[in-house]
Amino acid sequence: MAKLMNSKSTPSAPSNLCIFDTPPSQVAFNKGLWMTYTPTNPVETGDSYSFNIYDSAHFFQLNKTYISFKLRFTENVKTAETPSTFYYTNFIGATFFNQVKLSYNNVLVYDSNNYDYKSYIHTLLGENGDTKGGLLTAAGWHELDSPKTNRQLAANRVLDICAPLLLEPFQTERLLIPHINIQLTLYRNKDAFCLEGGAGKEGKLEISNLKLHMRAIDVVSSAAIALENRLRTTPAQYPFTESKVKIISIPEGRFELPFTTLYHDIIPRRIIIGFLANEHEITSDSLNFGHNDVSEIQLDAGGTVYPPQPLQCDFENKNYVEAFTRMYEELGCVSNKTCPKISYKEFRTGSAFFVFNTTPSDTSSAWELRKSGCTLLKVRFSKKTPAGGLNALILSEFDSFVEVDVYRNATVGSRH
Numbered sequence: 037m038a039k040l041m042n043s044k045s046t047p048s049a050p051s052n053l054c055i056f057d058t059p060p061s062q063v064a065f066n067k068g069l070w071m072t073y074t075p076t077n078p079v080e081t082g083d084s085y086s087f088n089i090y091d092s093a094h095f096f097q098l099n100k101t102y103i104s105f106k107l108r109f110t111e112n113v114k115t116a117e118t119p120s121t122f123y124y125t126n127f128i129g130a131t132f133f134n135q136v137k138l139s140y141n142n143v144l145v146y147d148s149n150n151y152d153y154k155s156y157i158h159t160l161l162g163e164n165g166d167t168k169g170g171l172l173t174a175a176g177w178h179e180l181d182s183p184k185t186n187r188q189l190a191a192n193r194v195l196d197i198c199a200p201l202l203l204e205p206f207q208t209e210r211l212l213i214p215h216i217n218i219q220l221t222l223y224r225n226k227d228a229f230c231l232e233g234g235a236g237k238e239g240k241l242e243i244s245n246l247k248l249h250m251r252a253i254d255v256v257s258s259a260a261i262a263l264e265n266r267l268r269t270t271p272a273q274y275p276f277t278e279s280k281v282k283i284i285s286i287p288e289g290r291f292e293l294p295f296t297t298l299y300h301d302i303i304p305r306r307i308i309i310g311f312l313a314n315e316h317e318i319t320s321d322s323l324n325f326g327h328n329d330v331s332e333i334q335l336d337a338g339g340t341v342y343p344p345q346p347l348q349c350d351f352e353n354k355n356y357v358e359a360f361t362r363m364y365e366e367l368g369c370v371s372n373k374t375c376p377k378i379s380y381k382e383f384r385t386g387s388a389f390f391v392f393n394t395t396p397s398d399t400s401s402a403w404e405l406r407k408s409g410c411t412l413l414k415v416r417f418s419k420k421t422p423a424g425g426l427n428a429l430i431l432s433e434f435d436s437f438v439e440v441d442v443y444r445n446a447t448v449g450s451r452h
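All residue numbers for the sequence shown refer to the numbering used here, where the first residue is 37 and numbers rise by one.
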């Protein structure tokens, strides 16, 4: 005779046996459509591009925001000579811009300085392989193991680019309420950052046909009125995880960081650390995060040390398994099955990221308790830092949110 494994277990049946159930009907939205906007200033001249979006009728699905543009490459040839070989930076749809500013009704909501590094690191470490190998190829994404020739440029070649706008306040499922003037300004990067070529060579990228694409939702009148009435007593809230980039310059000939204090106030949720060359040379890849002979690395956040014993690395003898494994674990990749495609060898040859998670759970989407204290970073190198020195790039994540009231006043409620 069959019986329940435990008397507290609730009897159930598989969903494919529920042949009389009727699926729910979506009644809140009338329709969804794509809206396209052009800059308010000339694109061909200047280094910044501004968009002004005001729509009184629609809600916006911010996580479906894209920019599209065309890039034409030309080489600065001073004498008659054979054209040089140039390559564009990986993920050029995002790394072409180094800063993005976002305002709601003239209130600065977000200033994404170092947008190039942030978008590349978040995509490399956070997006799954299917997205990077599919959708993001339209943004100029190339996997780490793909041939470099895939990014090769030819004279007067035009790149057709379409990339998601990776602003943290836009990474939300919540719809932005109407009657908000969205002001967006993008600042382009230097050509020396976006291009890689031979020594003494120069080239430039010219942008044209820049457009902003946003997904607008037409909400039924009854739902829109109900939301507006609720706004009279409670502001709309848009929580997100904000990331900050801090760059520490390390002089040449050093065996350790010149100073160790990163923050004196709020402890970040997570810190990602990479090392770069001190200067952007056109002869090198701007996104090459080399290991730079790191031998020990450890984080002290409010008196708690991560990990209890420093991570030991010996890159010369290819012994760095603990740092490699901890990168995957501290990103939450093993738990949520969205692992970045970084091999053990690739970690050593240009994708050496040291990740420290200060939260109790690596998969929680909830806010963490606000903790104050000093955040210290301790790094040692097995060899002296090279001529010209290094830059330590510190990407820190904090809880944050934006509130919008019935009068469309925006308030940034940063948690740091």
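Where hints are given, some of them may not hold.
Heads up, simulated DSS-like pairs for lysine-lysine below, C-alpha to C-alpha not over 27 Å straight-line [claimed, not checked]:
1. Lys106 / Lys226
2. Lys106 / Lys67
3. Lys414 / Lys280
Hints are computed from structural coordinates only; laboratory data are not their basis.
task: Return the numbers of the hints above that this structure violates; sort them in rising order.
output: Hint check: 2 fails alone, others pass.
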